[in-house]
Amino acid sequence: MKRVVSVSLGSSKRDHKVVTELLGEKFEIARVGTDGDFNRALELLHELDGKVDAIGLGGIDVYLFVKEKRYAIKDGLRLLEAVKTTPVVDGSGLKNTLEREAVRILAEETGLLKKGTKVLMVSSVDRFGMAEAMAEMDCDMTFGDLIFAAGIPYPIKTMVELEEIANKTLPEFTQMPFHMIYPTGKKQDTQDDAKVEKFAGYYLDAEVIAGDFHLIRRFMPAGLKGQTILTNTTTRDDIDFLRAKGAGTLVTTTPEYEGRSFGTNVMEAALLAVLGKPWEEITPQEYLDLLHRLNFKPRILSLQE
Amino acid sequence: MATHDELTESLKAFMDSYNKNERLKVMNRDWNRVVVVKATDIDSLHTLTVLDGVVSLREGASGQPDLTVISDSETLADMFYGDITPTEPYNNGTLRIMGSEDDIVRLDFISLMIWGE
Numbered sequence: 001m002k003r004v005v006s007v008s009l010g011s012s013k014r015d016h017k018v019v020t021e022l023l024g025e026k027f028e029i030a031r032v033g034t035d036g037d038f039n040r041a042l043e044l045l046h047e048l049d050g051k052v053d054a055i056g057l058g059g060i061d062v063y064l065f066v067k068e069k070r071y072a073i074k075d076g077l078r079l080l081e082a083v084k085t086t087p088v089v090d091g092s093g094l095k096n097t098l099e100r101e102a103v104r105i106l107a108e109e110t111g112l113l114k115k116g117t118k119v120l121m122v123s124s125v126d127r128f129g130m131a132e133a134m135a136e137m138d139c140d141m142t143f144g145d146l147i148f149a150a151g152i153p154y155p156i157k158t159m160v161e162l163e164e165i166a167n168k169t170l171p172e173f174t175q176m177p178f179h180m181i182y183p184t185g186k187k188q189d190t191q192d193d194a195k196v197e198k199f200a201g202y203y204l205d206a207e208v209i210a211g212d213f214h215l216i217r218r219f220m221p222a223g224l225k226g227q228t229i230l231t232n233t234t235t236r237d238d239i240d241f242l243r244a245k246g247a248g249t250l251v252t253t254t255p256e257y258e259g260r261s262f263g264t265n266v267m268e269a270a271l272l273a274v275l276g277k278p279w280e281e282i283t284p285q286e287y288l289d290l291l292h293r294l295n296f297k298p299r300i301l302s303l304q305e
Numbered sequence: 001m002a003t004h005d006e007l008t009e010s011l012k013a014f015m016d017s018y019n020k021n022e023r024l025k026v027m028n029r030d031w032n033r034v035v036v037v038k039a040t041d042i043d044s045l046h047t048l049t050v051l052d053g054v055v056s057l058r059e060g061a062s063g064q065p066d067l068t069v070i071s072d073s074e075t076l077a078d079m080f081y082g083d084i085t086p087t088e089p090y091n092n093g094t095l096r097i098m099g100s101e102d103d104i105v106r107l108d109f110i111s112l113m114i115w116g117e
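Residue numbers (our numbering), protein chains in the order written: chain Y, 1 to 305; chain W, 1 to 117.
Hints are not guaranteed to be accurate.
As the list claims (entries may be wrong) - Label pairs and their in silico Cβ distance ranges:
| hint | chain 1 | residue 1 | chain 2 | residue 2 | range |
| --- | --- | --- | --- | --- | --- |
| 1 | Y | Lys-84 | W | Gln-64 | 49 to 55 Å |
| 2 | Y | Ala-222 | W | Gly-60 | 27 to 33 Å |
| 3 | Y | Thr-283 | W | Gln-64 | 55 to 61 Å |
| 4 | Y | Lys-84 | W | Asn-91 | 48 to 54 Å |
Since the hints were made in silico from the structure, they are not lab data.
In this text, a Cβ means the ideal position worked out from N, Cα and C, and glycines have one as well.
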């Protein structure tokens, strides 16, 4: 049996382990959260290195892509470089393929995404492929990167402006302590009440709310009117949370195992173990072919039945 | 070491660049803050005030700053002239900023929008 472990800076409340089969091979897939404790994450990575088949890094991105430009988050790189033997990924390689594909499937096979759909992406520089795919199909995009990462009530409306601001700010923001720009640890279990109230309008105006689940959750107001949530890394508690807020449909881009969808880092680590190749040698097409062979499709869950 | 006058000039350059940037003014309409800039190696204090998206500058301190930016005069002048970004001196401890994390991120963002590539 192959073992895949995700070490996450996120809350340990979300820890989970499943045994599943991928293309006829048994996999144990586990997620271990360190409650924002960076040093604990480093220790765990050292312990696992050489003992498991692949490692995912969760609760943090290592690489952010803006078209062809790649920015490395300093704290993420420290974690990545702590692993010397076992293949290790942050999910960014798969994300670009999987999430573009999810958008394509939602557009072609459901009515959830179409030209003119009002989409709020709470953050897009960590999901540039998804952002680009929805912009290309002429959704009415609001990129909330400045709103939710920096508290600046300025909705970015075009890919051109998103790219311009990202290229100006990411070289430096990626060097900042990660907890300053993203909720880690216990912050993932709570909401920022002041910002929930201040930025509620962006959620209420949208038809689809997309992006990182921890950000979506942290700033989500009550009183949604059946909006679709496009994300992943959701647990059963998260589904209850979304239902209570009035969300209508949950779409997760990663498959469900025992009531929850893992992060893309976990899934990318699993695919890496299936392919048995170093991360640097895997092409987007190989990921896409493998996704088709595994029949990975977005999970669509109605929340208001 | 920069002089007090050089520091004043660097802050004026920062203020002028900010106030010429209409988008930045829109972005910061909600962010009324008083920022004190304090040099550690010379006797030099300045106050930047952001009010309704517009920045003003005066020499001297303010009683109730929301943010206090503290570093040696050379680092402060370099930073406000845009020759260096705040991140490196902040990360290596040369630059200290007292205030909420949200405000620190916002100030960093403003300088990147003015001077970023």
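May I ask which of the numbered hints given earlier this structure violates, with the numbers listed in increasing order? Hints 2 and 4 are the ones this structure does not satisfy, whereas the remaining hints hold.
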